[in-house]
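A.B. asks: Chains as they are written, first to last, in the numbering used here: chain Y, 1 to 336; chain G, 1 to 288.
Be aware that a few hints might be false.
Partner residues aside, some chain Y positions facing chain G, computed with beta carbon under 7 angstroms [claimed, not checked]:
1. ALA126
2. ILE130
3. SER131
4. VAL136
5. GLY141
6. LEU145
7. VAL150
8. TRP152
9. GLN154
10. PRO295
11. THR299
12. MET300
13. LEU307
Interface residues of chain Y toward chain G, partial, derived using beta-carbon atoms under 8 angstroms [stated by the list, open to error]:
14. ASN79
15. ALA115
16. THR127
17. TYR134
18. ILE137
19. PHE138
20. ILE149
21. ALA151
22. PHE259
23. LEU302
24. PHE306
Derived from the structure by calculation, the hints contain no laboratory data.
As the structure is a computational prediction, the values presented were derived from the model and not from experiment.
Built from N, CA and C at the ideal position, the CB exists for glycine as well.
Spelled out from the first residue to the last, the chains are:
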Amino acid sequence: MSGSGERGTLPPASFAQDVRAALVLSRRDQRTLLAGILLLAIAAMLPVFSQTYWLSIGVSVAMFTVLATSWTLFSGPTNYIALSTAAFFGIGMYIVGGGLPYAPFPVLVLIAGVAGALFAVVVGLATLRISGVYFVIFTLGLAELVRQIVAWGQHVMGTSSGLYVLLNISDRTMYWLLLGLAALVYLIGWLIGRSRLGFALRIIGNDEVVAVHCGINTARAKVILFVISCTFASITGALVAPRWSYVEPSIAFSPFLSFEVVIMALLGGVHRLWGPLVGVIPFTLLWEFISAKFPAQTTMLLGACFLLIVYFIPRGVVGLIEDLVHKGMRAKDGHD
Amino acid sequence: MDVIIIGLLLGGTYALMAMGLQLQYGVARIMNLASGETLVCGAFGAVWFLTAYKVSPLYALIGVVPAAFVANWAIYRVMILPLVRRAKSQGQLEVDSILATFGLSFMAIGILLALFGGEFLSYSYLAQPFLIFGQPYALNRIVAFLCAAALCVALYLWLHHTRAGLTLRAVSVNPSAAGLVGINVARTSALAFALGGAVSAAGGALLSMFLLFDASLGVIFTLKALVIVIMGGVSDIRGAILASFILGMTETAVATYIDPGLTLAAAYVLFIVILLVRPEGLFGRRSS
């Protein structure tokens with residue numbers, strides 16, 4: 001990245017400076033942080049009330065919250081639509097599935113995070129240095145590509161295509177693990193939003209040419225965020241692997257996962273950190289209902305839901321709420 | 001030798017599929033992520049004609065192509081045009097159309113699953129050997145190649161030697177300037193989108209003569225078509241044809257020497273090479 005990458009860079013604020021600036025909290029920030037901790041504590045109480053049905057829904061909600069929010073960290077401000085969640089999720093799942101006989105679960109989760117990050121660096125460096133649709137296209141088939149390679153690897157090594165994940169983790173523990181991960185995503189997202197990096201991303205999303213002329217190293221900013229986002233997807237895949245006691249390529253790399261994550265994030269709204277959460281909760285409930293009532297038509301209904309969101313609520317539920325609040329305020333001003 | 005000839009035969013059909021996408025992306029400026037599903041619909045259409053009416057897939061083209069044309073025209077009018085009108089900028093339109101066609105692709109998969117079920121569909125047609133240089137090759141591959149080549153040539157001549165073709169090329173070069181010289185850009189874009197869909201579906205019907213299909217295969221073909229279009233340049237038919245042959249041969253080589261399950265990996269390898277070496281495509285000009 002030396003040479004051309006350095007051209008016209010602003011005098012860079014050192015990383016320490018950046019961190020220090022992000023840690024100066026105003027009254028308002030303190031209140032936000034407190035509210036977040038309070039909500040987390042309330043969410044963590046769920047297993048006290050239900051041990052079965054609602055807890056398993058809670059696990060799904062927590063999982064999709066992590067996936068959709070971390071997706072939004074990158075794709076929200078930059079408008080680069082990543083369709084590759086399933087690829088990274090599946091990598092995490094396979095590392096846990098394949099590694100369980102050799103290493104303890106926590107170590108495997110860490111390895112999954114590192115592997116996901118490295119793979120994301122490669123993908124990011126290949127596609128994100130150039131602007132345009134190349135990135136979207138590349139991510140579109142990525143899950144299928146990794147699936148083919150995994151299946152081929154298993155074929156060459158002569159192992160069977162499925163893996164048994166025999167590890168007893170109660171739903172309660174998994175829920176808390178995922179909740180902790182969600183808290184981490186929110187914390188990181190919040191810090192990024194306050195940092196120079198977050199500002200740079202918003203400029204890139206508005207106009208990439210302008211961003212380059214401002215002296216932003218656009219490729220670096222995009223790759224960093226993409227890597228963060230994909231690392232979370234890998235860790236999530238690793239954490240929930242024990243939920244499926246049997247893992248095979250078509251489950252781990254299912255394209256529907258990427259699709260669901262994008263739908264939920266868009267439904268909630270991608271311009272606010274808490275937006276995806278607003279989409280995840282109703283959509284998970286709706287999905288439980290649809291897959292129970294119409295198991296044969298799920299794909300078609302999923303597509304239909306997606307189109308409805310793209311056409312009628314392009315800015316998500318959060319965008320709708322903000323428009324309403326805005327209108328309300330203007331109406332009040334008019335009366336005064 | 002085997003690899004080269006089979007690769008060339010496969011590449012001919014790929015060229016058709018890539019030209020379909022090129023019309024949609026180059027002229028109508030819509031990045032259609034559902035293009036692979038259009039192709040799969042074409043393949044299923046051919047299978048359906050064969051099993052229901054016992055007609056050869058070549059005659060099925062007569063039914064499949066107009067149907068795909070009408071369907072894609074309707075999709076453009078009903079679904080894409082509102083997005084074009086709503087978009088404030090080219091970037092916004094790109095994001096919206098990617099999302100819309102991505103959703104559309106899942107709708108199409110769902111409909112195909114509901115109609116045909118999830119199994120692989122195939123049929124046996126002209127599965128007899130034909131000798132080239134003393135080596136036997138499947139006759140269905142050769143017939144498919146010849147058909148694809150004929151359609152490609154017809155499309156090329158139409159684009160370069162008729163007034164309607166000229167209009168399409170003008171919109172492809174610059175939509176706003178085309179509007180200034182009295183071209184109805186919205187209508188031309190719709191025509192290009194519909195024609196592109198019809199061409200993709202024809203490619204699917206031809207591919208179904210020698211490949212297995214199931215409802216979820218669309219994404220692989222979308223990706224291959226996109227890789228060809230990127231490699232060949234967005235608005236250059238020569239580039240697309242050359243790129244199709246390169247992809248066809250690479251894929252055949254991978255399938256022959258490594259593993260038939262890795263065809264997508266072949267496309268990705270080419271994709272990465274292109275991104276690193278010549279992101280503007282084989283014949284494209286570097287934009288400043």
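A.B. asks: All the hints need checking, so say for each whether the structure fits it.
C.D. replies: We went through each hint and held it up to the structure:
For the restraint placing ALA126(Y) at the interface with chain G, the shortest Cβ-Cβ distance is roughly 5 angstroms, inside the 7 angstroms limit, so the hint holds. Hint status for ILE130(Y) relative to chain G: holds, with the closest Cβ pair at about 5 angstroms, below 7 angstroms. A least Cβ separation of about 10 angstroms between SER131(Y) and chain G goes past the 7 angstroms threshold, and the interface hint is therefore violated. With a cut of 7 angstroms, the hint placing VAL136(Y) at the interface with chain G holds, because the nearest CB-to-CB distance is about 6 angstroms.
Annotation: GLY141(Y) was flagged as interfacial toward chain G, and the flag holds, the nearest CB pair being 4 angstroms apart, inside 7 angstroms. Hint on LEU145(Y) holds. Least Cβ distance to chain G is approximately 5 angstroms, under the 7 angstroms limit. Because the beta carbon of VAL150(Y) sits about 10 angstroms from the nearest beta carbon in chain G, more than 7 angstroms, this interface hint is broken. Residue-level restraint check for TRP152(Y) holds (minimum Cβ-Cβ distance to chain G is 5 angstroms; threshold 7 angstroms).
A cut of 7 angstroms between beta carbons decides the hint on GLN154(Y): the least distance to chain G is about 11 angstroms, and the hint is violated. With a least beta-carbon distance of about 11 angstroms to chain G, the hint placing PRO295(Y) at the interface is violated under the 7 angstroms criterion. Below 7 angstroms, beta-carbon pairs count as interface contacts, and THR299(Y) has one with chain G at about 3 angstroms; its hint therefore holds. Taking 7 angstroms as the C-beta cut-off, the interface hint given for MET300(Y) holds, the closest approach to chain G being about 3 angstroms.
With its C-beta approaching chain G no nearer than about 4 angstroms, LEU307(Y) sits inside the 7 angstroms limit, and its interface hint holds. At about 6 angstroms, the closest approach between the beta carbon of ASN79(Y) and any beta carbon in chain G falls short of 8 angstroms, and the interface hint on this residue holds. At a threshold of 8 angstroms, the smallest CB-CB gap from ALA115(Y) to chain G is about 18 angstroms, leaving the interface hint violated. Because the beta carbon of THR127(Y) sits about 6 angstroms from the nearest beta carbon in chain G, less than 8 angstroms, this interface hint is met.
Nearest Cβ of chain G to the Cβ of TYR134(Y): about 6 angstroms, under the 8 angstroms cut. The hint holds. Hint status for ILE137(Y): holds, given a least beta-carbon distance of 5 angstroms to chain G, under 8 angstroms. The interface hint given for PHE138(Y) is met, as the beta carbon of that residue sits about 7 angstroms from the closest beta carbon of chain G, less than 8 angstroms. Here the hint on ILE149(Y) is kept, as its CB sits about 6 angstroms from the closest CB of chain G, short of 8 angstroms.
Proximity of ALA151(Y) to chain G holds as hinted, the smallest CB-CB distance being about 6 angstroms (cut-off 8 angstroms). At about 6 angstroms, the closest approach between the beta carbon of PHE259(Y) and any beta carbon in chain G falls short of 8 angstroms, and the interface hint on this residue holds. Taken as an interface hint, LEU302(Y) checks out: its beta carbon lies about 6 angstroms from the nearest beta carbon of chain G, inside 8 angstroms. The interface hint given for PHE306(Y) is met, as the beta carbon of that residue sits about 4 angstroms from the closest beta carbon of chain G, less than 8 angstroms.
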